[in-house]
Amino acid sequence: MKYSEYQEKESERKRIAIAHLENGVDFADISSVYIDETVQIGAGTFIGPCVTLEGDTVIGANAKIYQNTRIRDSVIGDGVEIQSSVVLESSIGEESRIGPFAYVRPGSEIGRNCKIGDFVEVKNSTFGDGSKSAHLTYIGDSDIGEDVNLGCGVVFVNYDGTHKFRSTIGDGVFIGCNSNIISPVRIDDGAYVAAGSTITQDIPEDALGVARAKQKNIEGWATRRGLYNKKKKQLQKTEVHGGEEQ
Numbered sequence: 000m001k002y003s004e005y006q007e008k009e010s011e012r013k014r015i016a017i018a019h020l021e022n023g024v025d026f027a028d029i030s031s032v033y034i035d036e037t038v039q040i041g042a043g044t045f046i047g048p049c050v051t052l053e054g055d056t057v058i059g060a061n062a063k064i065y066q067n068t069r070i071r072d073s074v075i076g077d078g079v080e081i082q083s084s085v086v087l088e089s090s091i092g093e094e095s096r097i098g099p100f101a102y103v104r105p106g107s108e109i110g111r112n113c114k115i116g117d118f119v120e121v122k123n124s125t126f127g128d129g130s131k132s133a134h135l136t137y138i139g140d141s142d143i144g145e146d147v148n149l150g151c152g153v154v155f156v157n158y159d160g161t162h163k164f165r166s167t168i169g170d171g172v173f174i175g176c177n178s179n180i181i182s183p184v185r186i187d188d189g190a191y192v193a194a195g196s197t198i199t200q201d202i203p204e205d206a207l208g209v210a211r212a213k214q215k216n217i218e219g220w221a222t223r224r225g226l227y228n229k230k231k232k233q234l235q236k237t238e239v240h241g242g243e244e245q
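Letter 107 of the sequence shown, counting from 1, is numbered 106 in numbering that gives the first Met the number 0, and no numbers are missing.
Note that these hints are calculated values from the structure, not bench results. Don't take every hint at face value.
So the derived label-pair ranges between C-beta atoms look like this [stated by the list, open to error]:
#1 Gly189 x Cys49: 52 to 58 angstroms
#2 Ala221 x Asp25: 55 to 61 angstroms
#3 Leu226 x Ala194: 47 to 53 angstroms
#4 Glu204 x Gly152: 22 to 28 angstroms
#5 Lys213 x Gly43: 41 to 47 angstroms
#6 Gly152 x Glu4: 15 to 21 angstroms
#7 Lys8 x Ala206: 54 to 60 angstroms
#8 Leu226 x Gln200: 17 to 23 angstroms
#9 Glu204 x Leu226: 46 to 52 angstroms
#10 Arg185 x Gly219: 41 to 47 angstroms
#11 Tyr227 x Cys49: 23 to 29 angstroms
#12 Asp205 x Ala133: 41 to 47 angstroms
#13 Glu21 x Gly189: 22 to 28 angstroms
Okay, derived cross-link-like pairs now, DSS-like style, lysine-lysine, Cα gap no bigger than 25 angstroms in a straight line [unchecked claim]:
#14 Lys1 x Lys13
#15 Lys163 x Lys122
#16 Lys131 x Lys163
#17 Lys213 x Lys163
#18 Lys131 x Lys63
#19 Lys1 x Lys63
Ideal placement from N, C-alpha and C gives every residue a C-beta, glycine not left out.
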């Protein structure tokens with residue numbers, strides 16, 4: 000690209016940003032945003048630095064799009080907050096909170112007043128009003144009802160290496176931390192999944208699904224392997240040298 004072409008692109012980029020500014024959009028740093036001419040933004044919305052808005056994106060009024068966010072071909076409702084995240088070919092309902100570091104992939108529909116937190120990935124799924132997934136979760140090819148809580152580390156296991164499968168989660172379901180949902184399964188309204196479970200069968204309404212191996216403690220195992228005494232000697236050595244290993 001020639002410098003003159005670069006200058007022309009920069010001039011166009013600033014023109015688009017200024018037009019939004021004049022229509023009531025607030026910018027932290029108007030010189031650092033990248034907005035396609037096809038993008039629509041409602042009045043009262045705040046755009047942070049290093050934000051990229053692409054394609055047929057529509058952002059409602061009074062939203063907050065914080066730094067380092069990329070949105071493409073998506074609909075963002077009024078009052079939504081997105082922090083340092085990527086949203087592609089999806090929709091986010093009013094007053095929902097996304098990020099930081101969330102990844103909303105194509106075909107996803109997030110409802111109103113939802114929470115998609117840090118390091119949560121949503122792909123080709125629906126997420127009902129009031130549902131929450133605060134952190135470290137993968138939601139793939141699934142339909143999540145309203146007021147559902149997904150604990151930390153929940154994974155929807157949707158791919159068997161050949162085909163994709165879909166799961167359905169009813170309203171008011173609670174899925175505990177570090178659970179695997181092996182699609183296709185259905186978890187009906189008000190059901191609970193115990194933390195650490197691997198769910199391979201449907202769970203009926205109002206039931207608790209528990210799928211864990213029974214714990215077994217083998218007494219003296221570490222001593223027999225020579226590990227426990229070795230560790231005690233290391234700790235004693237640390238204490239002798241004032242808490243620092245030499």
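Status of the hints after comparison with the structure:
1. Gly189 x Cys49: 52 to 58 angstroms: Given a distance of about 43 angstroms, which is not inside 52 to 58 angstroms, the answer is violated.
2. Ala221 x Asp25: 55 to 61 angstroms: The hinted range 55 to 61 angstroms holds for alanine 221 and aspartate 25, with Cβ atoms some 60 angstroms apart.
3. Leu226 x Ala194: 47 to 53 angstroms: violated (28 angstroms)
4. Glu204 x Gly152: 22 to 28 angstroms: With a Cβ separation near 25 angstroms, glutamate 204 and glycine 152 satisfy 22 to 28 angstroms, so the hint holds.
5. Lys213 x Gly43: 41 to 47 angstroms: Violated, at about 56 angstroms.
6. Gly152 x Glu4: 15 to 21 angstroms: violated (48 angstroms)
7. Lys8 x Ala206: 54 to 60 angstroms: Given a distance of about 59 angstroms, which is inside 54 to 60 angstroms, the answer is holds.
8. Leu226 x Gln200: 17 to 23 angstroms: violated (38 angstroms)
9. Glu204 x Leu226: 46 to 52 angstroms: holds (47 angstroms)
10. Arg185 x Gly219: 41 to 47 angstroms: holds (45 angstroms)
11. Tyr227 x Cys49: 23 to 29 angstroms: Given a distance of about 52 angstroms, which is not inside 23 to 29 angstroms, the answer is violated.
12. Asp205 x Ala133: 41 to 47 angstroms: violated (24 angstroms)
13. Glu21 x Gly189: 22 to 28 angstroms: violated (50 angstroms)
14. Lys1 x Lys13: At roughly 19 angstroms apart (the allowed maximum being 25 angstroms), lysine 13 and lysine 1 satisfy the hint.
15. Lys163 x Lys122: Between lysine 163 and lysine 122 the Cα gap is close to 12 angstroms, so the pair holds against 25 angstroms.
16. Lys131 x Lys163: holds (24 angstroms)
17. Lys213 x Lys163: The hint is violated at about 30 angstroms.
18. Lys131 x Lys63: holds (19 angstroms)
19. Lys1 x Lys63: violated (35 angstroms)
When each numbered hint is compared with the structure, violations occur for hints 1, 3, 5, 6, 8, 11, 12, 13, 17 and 19.
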